[in-house]
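J.: Okay, here's what each chain looks like letter by letter:
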Amino acid sequence: MKLPESETTFQIPIGPQHPALAESENFTFTVDGETVVDVKARLGYVHRGIEKALENGTYIQNLYLIERICGICSHAHTLCYSQNIDEALGIEAPPRARFIRTIVAELGRVHSHYLWLGLAGHEIGFDTLFMYTWRDREVVMDLQELITGNRVNFALFTIGGVRRDITPYAIEQVRKGVKTLEERIQYYKKMCAKEVTLLKRTVGVGVLKPSQAINLCAVGPLLRASGVKRDIRKDDPHAAYDEVPFNVITYDGCDVASRLFVRVDEVVESLNIIRYALEHLPDGPIRVKVPRRVPTHETISRVEAPRGELFHYVKSNGTDKPERYKVRTPTLANIPSVCEMLKGGYVADIPITLASIDPCFCCTDRVAIVDAVKGKKRVWTWEQLSRYSEKWHGRR
Amino acid sequence: MSPAQENQVNIIEGLKERIGGGNVLETRIARVRRIFLTVKVEALKAAVNHLAAQGFKHITTISGIDLGDSIGVVYHLDREGLQLSVKVVVPENNPVLPTITDIIPGAVLYEREVHDLLGVVFEGHPDLSRLVLPEKWPDGLYPLRKKHSVEDIKRMVNEVA
Amino acid sequence: MGLVKWARVKSPWVLHINTGACNACDIEVLAALTPRFDIERFGVLLKGSPRHADVLVVTGTVTRQVKERLVRVYEQMPEPKFAVAVGGCACTAGVFHACYNVYGGVDKAIPVDAYIPGCPAKPEAILDGVVKLLAKLKGD
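Chains as they are written, first to last, in the working numbering: chain A, 1 to 396; chain E, 1 to 161; chain V, 1 to 140.
Be a bit skeptical, because a hint or two may be false.
[Claimed, not checked] Within a straight-line C-alpha distance of at most 30 Å, the following computed DSSO-like cross-link-like pairs (lysine-lysine) qualify:
id, chain 1, residue 1, chain 2, residue 2
1, E, K136, V, K67
2, A, K40, A, K189
3, A, K176, A, K343
4, A, K343, E, K147
[Said to hold, decoys possible] Now the in silico label distances, taken between C-beta atoms and shown as ranges:
id, chain 1, residue 1, chain 2, residue 2, range
5, V, V131, A, L146, 51 to 59 Å
6, A, K289, V, A135, 21 to 29 Å
7, V, P78, E, V41, 39 to 47 Å
8, A, E92, E, S129, 42 to 50 Å
9, E, E26, A, G227, 36 to 44 Å
10, A, E92, E, N10, 26 to 34 Å
11, E, G55, A, R135, 40 to 48 Å
12, V, Q76, E, A46, 53 to 61 Å
13, V, S49, E, S129, 30 to 38 Å
14, V, E124, A, P282, 32 to 40 Å
15, V, S11, A, S211, 48 to 56 Å
Rather than coming from a laboratory, the hints here were simulated on the basis of the structure.
Positions of the beta carbon are idealized from the N, C-alpha and C atoms, including for glycine.
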């Protein structure tokens, strides 16, 4: 499927769903032949109105809404929220709770990075990788279900600590699971470093220079793959991260391949963190009692979610409901960077470049491509774009 | 005073020296890595310029908050983990601020979001078009303004859609 | 059982659409495809176009932005067609009831044949719902 000469402008939806209609776009691309010249962003498909709803719920009720901002990193949102309200109340979660928070947060990172690895593989037509990684990811899902009672959306973190303790049986299972996941990630690491088709599609693609990443305020693996050593767990320690040794992973390639290697190595680090935290899990209570009303205060909380810096801000007013609750997800922070790195690249590289920032599906949805010369527009489905990419790269 | 606290005090003093102590209305060192300041609107750009030159090049986000007859806009700047939040307050009937995208390009979507949801106008912003609200959303309806309840908003949007 | 009906029951083709969900259900729908749950053994295939689909699997609580599109996708599907609401917020508004930009439930936009609750619905529940729908198809 070649880009037809007469109509070189497209509206293309992105995301794992398969919408088939031309509607409002979230990204508009201006192209000149096969090259992207400019990118404009516009979000909105999944805007629900959560921040307003948070002003109408109590702090405890809001825990359950916050968790469902994003189902993939829901643990990051509840961790950030719990920490935020803890600080507004002037309390600290007990040591055992902080360690459990860390263990579950790192399990969440492992599940998210495995998920991403599978979807990235799917994006470049490498469906075997998708099936293998999602099969291995089930190990993490089982552990999460064992510890919290659910595969996704745990309702584990709460204001003042955690709601359930981690049993000795669960600890034993986590140790076994970590061992399996470690073997598997080493396998994927070797494979990714050698697999020619994968490297061809990712090395030198979607380049974001360190200066651009910093100016555009990028976060997470995207920033670290451009060599910038920033990680909230080290820079603004929370939970038990100041008590657990780990490395911040950076790579200098500044491309999609580097983002892949960063995430793979981060899984290794996460597994080490989990093992260390289990080894050094303190005894004691898992939560402290908290009042319903939060005194007038203004606090900020940040965590290093799998996608990067997640930020929550609260303004409390002495009642049991927040006056204002602000959430900034890492994907939003990375959109200016992704717009920049798509410029000068090929249309066929759009899917993998977008996927390389690990966009939360809830945030981005549709894409449009406009020809700089002819000024026309057309609609392609996600599947069409993916197939175009594969065929285009297959020909080169 | 610990080195971290001293560092925070120095940052505040440096800012006051640069933009004038009278332009810094409120300062609060909440704890390590948390500074909260309020500055006058006229001094906002000078403050951001100075802070960016001091290494606060990363903007985490911009939070808008409806305070009743005014709107608070909080710029959350970051330097290697140290969060410095700078608040300015604009009147509700004339919520205009200068853009800071010429100093920190990464602020581009955050200003757009505050404009979309609260109606603050950022002069000099390259593109203040809708970011998160849907296409057919009525003009002038800013959902995060306190005067609108969720039921009001749903009703008003249904009337238009 | 006629040939067309047999084909539909033996191999229902499914189109998945997200109408404003948090993605938890979406990843569980995808997980249902993967080796551990393997929805393909029921003949279920995930397709890209409404014109090829028998069953529309809908996650999410239908935001204002997406409602028209959902309705049009459903209209584009050939008869007989079925819609499945996956997840608590697709069945009713769920946890998003106080949000200003949601309609709250897939049946506010299109008729629904099966509701699969859960937040998110587990892959086993999704498989169970699909099998029950197949039984309903057979029964027609």
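J.: Determine whether the Cβ-Cβ distance between E124/V and P282/A falls within the hinted range of 32 to 40 Å.
T.: 36 Å, holds
J.: Verify the proposed pairing of K40/A with K189/A, using a straight-line Cα cut of 30 Å.
T.: 34 Å, violated
J.: Starting from the hint 39 to 47 Å, judge whether the C-beta atoms of P78/V and V41/E obey it.
T.: Cβ of P78/V to Cβ of V41/E: about 60 Å, so the range 39 to 47 Å is violated.
J.: Against the range 53 to 61 Å, how does the distance between the Cβ atoms of Q76/V and A46/E compare: consistent or not?
T.: 57 Å, holds
J.: With the threshold set at 30 Å, check whether the alpha-carbon distance from K176/A to K343/A stays at or below it.
T.: Violated. K176/A to K343/A sits at ~45 Å, over the 30 Å cutoff.
J.: Holds or violated: 30 to 38 Å for the Cβ distance of S49/V and S129/E?
T.: 31 Å, holds
J.: Do the Cβ positions of G55/E and R135/A conform to the proposed distance bound of 40 to 48 Å?
T.: For G55/E and R135/A the Cβ distance comes to about 45 Å; the hint holds.
J.: Does the Cβ-Cβ separation between V131/V and L146/A fall within 51 to 59 Å?
T.: 26 Å, violated
J.: Against the range 42 to 50 Å, how does the distance between the Cβ atoms of E92/A and S129/E compare: consistent or not?
T.: About 44 Å separates the Cβ atoms of E92/A and S129/E, which means 42 to 50 Å holds.
J.: Check the following: the C-beta atoms of E92/A and N10/E are separated by a distance inside 26 to 34 Å.
T.: This hint holds: roughly 27 Å between Cβ atoms.
J.: Does the Cβ distance between S11/V and S211/A fall inside 48 to 56 Å?
T.: Taking Cβ atoms as reference, S11/V and S211/A lie about 53 Å apart, which means the hint holds.
J.: Given the hint of 21 to 29 Å, check if K289/A and A135/V actually sit that far apart at their C-beta atoms.
T.: Cβ of K289/A to Cβ of A135/V: about 50 Å, so the range 21 to 29 Å is violated.
Checked against the numbered hints above, the structure violates hints 2, 3, 4, 5, 6, 7; every other hint is satisfied.
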